[in-house]
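Participant: Chains C and U, in that order, are what the protein sequence lines are.
Just so you know, we're using this note's numbering here: the first sequence kicks off at 1 and counts up by one.
Just so you know, we're using this note's numbering here: the second sequence kicks off at 1 and counts up by one.
Misleading hints may appear alongside valid ones.
What the hints assert, rightly or not - Using 25 Å as the maximum straight-line C-alpha spacing, the simulated BS3-like pairs for lysine-lysine come out as follows:
(1) Lys153/U x Lys54/C
(2) Lys17/C x Lys56/U
(3) Lys773/C x Lys386/C
(4) Lys45/C x Lys175/C
(5) Lys17/C x Lys31/U
(6) Lys442/C x Lys405/C
(7) Lys153/U x Lys8/C
(8) Lys301/C x Lys423/C
Calculated directly from the structure, the hints in this document are not laboratory data.
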Amino acid sequence: MGHSIKRKEDVRFIQGKGHYVDDIQLPGMLHMDIVRSPYAYAKIKSINAEEALKIPGVIAVVTGRDLEKYNLHWMPTLMSDTQMVLPTDTVMYQAQEVAAVIATDRYAARDGKEAVMVEYEPMKPVIDPYKALDPEAPVLRTDKEGKKDNHIWHWEVGDRDATEKLFSEAEVVVKEQMHIPRIHVASIETCGCVADYDKVNNHLTMYMTTQAPHAIRTVIALVAGHVGLTEEKVRVVSPDIGGGFGGKVPVYPGYVIAIAVSFLVGKPVKWVEDRSENLQADSFARDYHITAEMAGTKDGKILGTRFKILADHGYTDAAANPSKFPTGMFSIGTGSYDYQTAFMEADAVYTNKPPGGVAYRCSFRVTEAVHAIERITDRFAFEIGKDPAELRMQNFIKKEDFPWKSPTGWEYDSGDYHAGLKKAMEAVGYEELRKEQAEKRKRGELMGIGISTFTEIVGAGPSKDFDILGIKMFDSAEIRVHPTGKAIARFGTKSQGQGHETTYAQIIAEELGIPAEHIQVEEGDTDTAPYGLGTYASRSTPTAGAAAAVAARKLRDKARKIAAYLLEVSEDDLEWEPGKFFVKGAPEKAKTIQEIVFAAYTNHPQGMEVSFEATHYYDPPNLTFPSGAYICVVDIDKDTGEIKVRRFVAIDDCGNIINPMIVQGQVHGGLTQGIAPAMYEELIYDEDGNILNGTFMDYLVPTAVESPNWETGHTVTPSPHHPIGAKGVGESPTVGAPPAIANAIVDALSPYGITHLDIPITPYKVWKALREKGVE
Amino acid sequence: MKKQITISVNGEKHTLEVEPRELLVHVIREKLRLTGTHIGCDTSSCGACTVLLNGKSIKSCTVLAIQANGKEISTVEGLATAEGLHPLQEGFKENHGLHCGFCTPGMLMRAVELLEHNPNPSEEEIRWGIAGNLCRCTGYNNIVKAIQYAGAKMRGEETPSTEPEFV
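The task is simple: from the sequences and hints, build the whole structure.
Facilitator: Set out below in structure tokens:
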């Protein structure tokens with residue numbers, strides 16, 4: 001624990017020996033390409049494959065009508081909504097899958113795709129989510145019996161009446177309307193699969209880019225069990241994944257079509273989408289319209305918050321939340337502050353946009369929640385003329401008040417918010433910066449300082465509340481130590497770059513005394529790994545990491561028994577130090593873990609089960625609540641609106657740290673994925689539902705030039721309930737960074753009466769806002 | 001329609017039949033089975049497919065295989081030698097310059113040319129120098145460090161500390 005050992009997995013990646021889905025090339029493998037809709041909403045009048053089928057190499061064109069014969073033209077979403085695999089008569093969003101072309105090589109498949117003639121009858125789409133709720137709006141989901149509007153669900157939490165009363169009587173009430181933009185995970189590897197159905201053995205091997213292979217196997221069996229693909233006949237293999245970030249949790253139509261085709265023709269079928277398809281059709285993230293309000297006193301005491309959300313889910317609710325949480329963990333949005341009155345409500349709507357939204361590096365809508373609370377907290381500070389750092393210090397939940405019950409029902413496990421912000425303020429030189437800012441303001445120069453002090457909620461989750469399609473959100477570890485003291489450990493999670501091969505080995509090494517380099521970590525093959533719910537929402541360390549520690553402790557208990565037998569003493573006479581048991585008071589009488597393991601196979605106590613293996617399925621008693629204090633400093637050019645991030649200091653608290661190098665790396669990466677929506681990224685649609693920036697030429701993923709030099713540090717407040725006191729960390733920076741940046745920019749503009757700008761805050765937005773305030 | 005081309009890849013000569021429209025990246029990946037070179041986009045924006053063509057870093061998704069006829073190509077698979085890892089490979093490993101590894105081969109090949117032209121680049125020169133290669137995981141801090149580390153090693157200087165500044 002606490003050692004920055006270099007990553008075990010890097011040896012293959014730096015030598016080009018990573019093994020990703022598109023690297024798989026099987027004998028006889030066919031290639032699939034997908035015809036997509038140019039319209040956001042249209043009737044399909046006809047699909048003519050005649051010309052496509054004349055192209056050498058093209059062997060089939062599959063449509064919704066073909067899949068309908070097997071009842072495979074639709075599928076359930078993880079939120080118990082329904083989604084077309086291929087349409088039979090209507091397309092609901094631009095870039096929707098319309099037909100699949102199967103060919104002997106990728107070029108022929110692409111030629112075939114260009115040659116398929118589809119006749120559409122375009123209809124007027126519903127794009128604006130507010131207009132979708134208009135009684136006059138056309139009802140989009142006519143496939144749902146009895147559906148009379150575009151409303152999907154209503155959700156609420158907290159005390160509506162008490163909050164109403166508080167807000168009507170409060171000294172100070174502030175309110176802002178915010179949009180958390182529709183964005184895309186844009187992992188550098190797109191999604192894809194090779195579906196390999198073996199007719200003789202009635203067995204499907206599905207190589208695919210998935211963050212949750214076991215859950216996917218269950219879903220495949222549920223959807224295709226009726227054609228013989230029952231769960232024992234399906235093997236899902238998730239090889240190396242080129243970034244996931246939540247975008248590789250859902251089941252996309254392409255996967256299902258590839259399976260169906262492989263099943264029908266008995267040959268392997270590869271589908272790998274290109275980047276434009278990935279951006280335009282795969283699940284988006286965010287797209288919450290939030291009305292945020294805060295009530296408090298003139299001297300700065302926060303008394304309550306109220307959030308009203310409109311969630312644009314596109315054509316279907318294809319979010320990937322725990323089933324009982326339609327807005328995910330948005331209810332963490334009461335933040336890091338000590339008050340007890342809150343009310344939140346959300347309504348979700350259908351529009352003619354791609355379905356979603358996935359939890360993009362986010363424990364299910366936490367990013368939206370944190371943006372709302374941290375922005376409105378700054379707004380409140382501005383309203384009463386108080387420094388936003390001072391306001392936060394005044395309102396933080398105190399270290400001694402944990403575990404702390406939030407007004408929306410969570411029990412925060414631990415935290416020391418004052419220490420985090422203090423450390424961040426010292427690191428950035430907060431007082432000096434405020435002085436510099438005051439000087440600059442006198443000269444009319446624009447400089448801003450923004451703070452975000454967020455509380456995260458990760459590690460879903462305890463089985464009493466958390467499931468996906470009924471399956472509880474536990475996770476697992478299986479450790480097999482071989483006679484020579486070397487081990488293989490397998491997990492229900494799946495790394496997409498997080499470094500599990502290193503950190504899981506470190507946890508086991510810490511608990512068992514076997515060197516990490518002697519522990520081989522494997523994930524992603526449902527035939528060999530124990531069942532688990534996968535890697536997303538920063539859940540791997542809180543769940544599978546905990547399972548690793550508990551399984552290793554089971555083995556240590558067994559080791560004690562074997563050591564007592566070998567040393568001919570009672571178990572109570574033994575003491576453990578990493579790597580060996582020794583007799584109390586006689587340290588020379590000892591047995592190393594390697595000797596003990598060897599004895600487990602060669603000289604074990606009679607009556608004890610032979611071998612040295614353990615498995616644990618961990619059901620977390622609570623979620624973990626990491627936190628962070630981020631401070632951003634920006635300089636803005638008044639003439640052009642250009643924003644320069646001068647400094648960004650991030651202090652994270654994720655409890656005990658297994659590998660500081662990896663934690664820091666996660667923070668760096670998450671911060672860049674935080675600056676992205678804050679300043680650059682948004683999927684933009686016109687009123688006809690055309691995407692305006694559906695390629696990497698115009699969807700602005702930050703390069704090394706846009707990404708500032710991140711300054712990072714940490715505090716440690718261990719989780720009291722996690723076996724090694726750790727919390728998740730991967731998503732904290734993605735969640736915490738956007739409001740810090742937005743707050744800094746708004747702070748810079750605040751002398752002109754600007755109180756809010758929606759992200760992404762571009763130079764044009766800044767320039768325009770200043771001009772609207774009369775700046776020449 | 002197929003044309004015969006001869007290319008040298010990592011010092012090994014290959015004579016191949018290719019379609020005139022076939023992209024170099026597909027020939028490298030699917031015909032030569034050197035799958036370290038990756039495809040991350042369709043607009044020459046991401047740089048995951050970066051290789052060296054006659055020593056110059058290019059995006060192999062935007063070059064036709066026939067354009068490489070008679071030329072020398074270097075891919076990530078050719079970086080390490082019998083003596084061990086290339087200093088850049090070592091730099092990336094020692095400085096945690098990669099997470100998922102998908103952009104890494106392209107990033108490495110771009111950095112090879114960068115250091116060749118500028119053996120001692122500043123942080124800013126490195127950031128601009130790799131601006132044609134996207135990484136979604138690392139936030140770039142450690143990629144910059146990795147290239148600085150490799151630069152020092154190739155100049156025969158003491159390499160900077162690889163301990164994370166994370167206190």
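Participant: Now tell me if each hint is right for this structure.
Facilitator: A quick look at each hint next to the structure:
For the suggested pair Lys153/U and Lys54/C, the alpha carbons sit about 58 Å apart, so the restraint of at most 25 Å is broken. For a cut-off of 25 Å, the pair hint linking Lys17/C to Lys56/U stands: about 23 Å separates their Cα positions. For the given pair, Lys773/C sits about 23 Å from Lys386/C by alpha-carbon distance, which is consistent with the 25 Å threshold. For a cut-off of 25 Å, the pair hint linking Lys45/C to Lys175/C is broken: about 48 Å separates their Cα positions.
The straight-line distance between the Cα atoms of Lys17/C and Lys31/U is roughly 16 Å, inside the 25 Å bound, and the hint therefore holds. Proposed proximity of Lys442/C and Lys405/C is contradicted: the alpha carbons are some 45 Å apart, above 25 Å. Restraint check for Lys153/U and Lys8/C: satisfied, since their Cα atoms lie roughly 22 Å apart, inside the 25 Å limit. At roughly 23 Å between alpha-carbon atoms, Lys301/C and Lys423/C fall within 25 Å of each other, so this suggested pair holds.
Of the numbered hints stated above, those contradicted by the structure are hints 1, 4 and 6, listed in ascending order.
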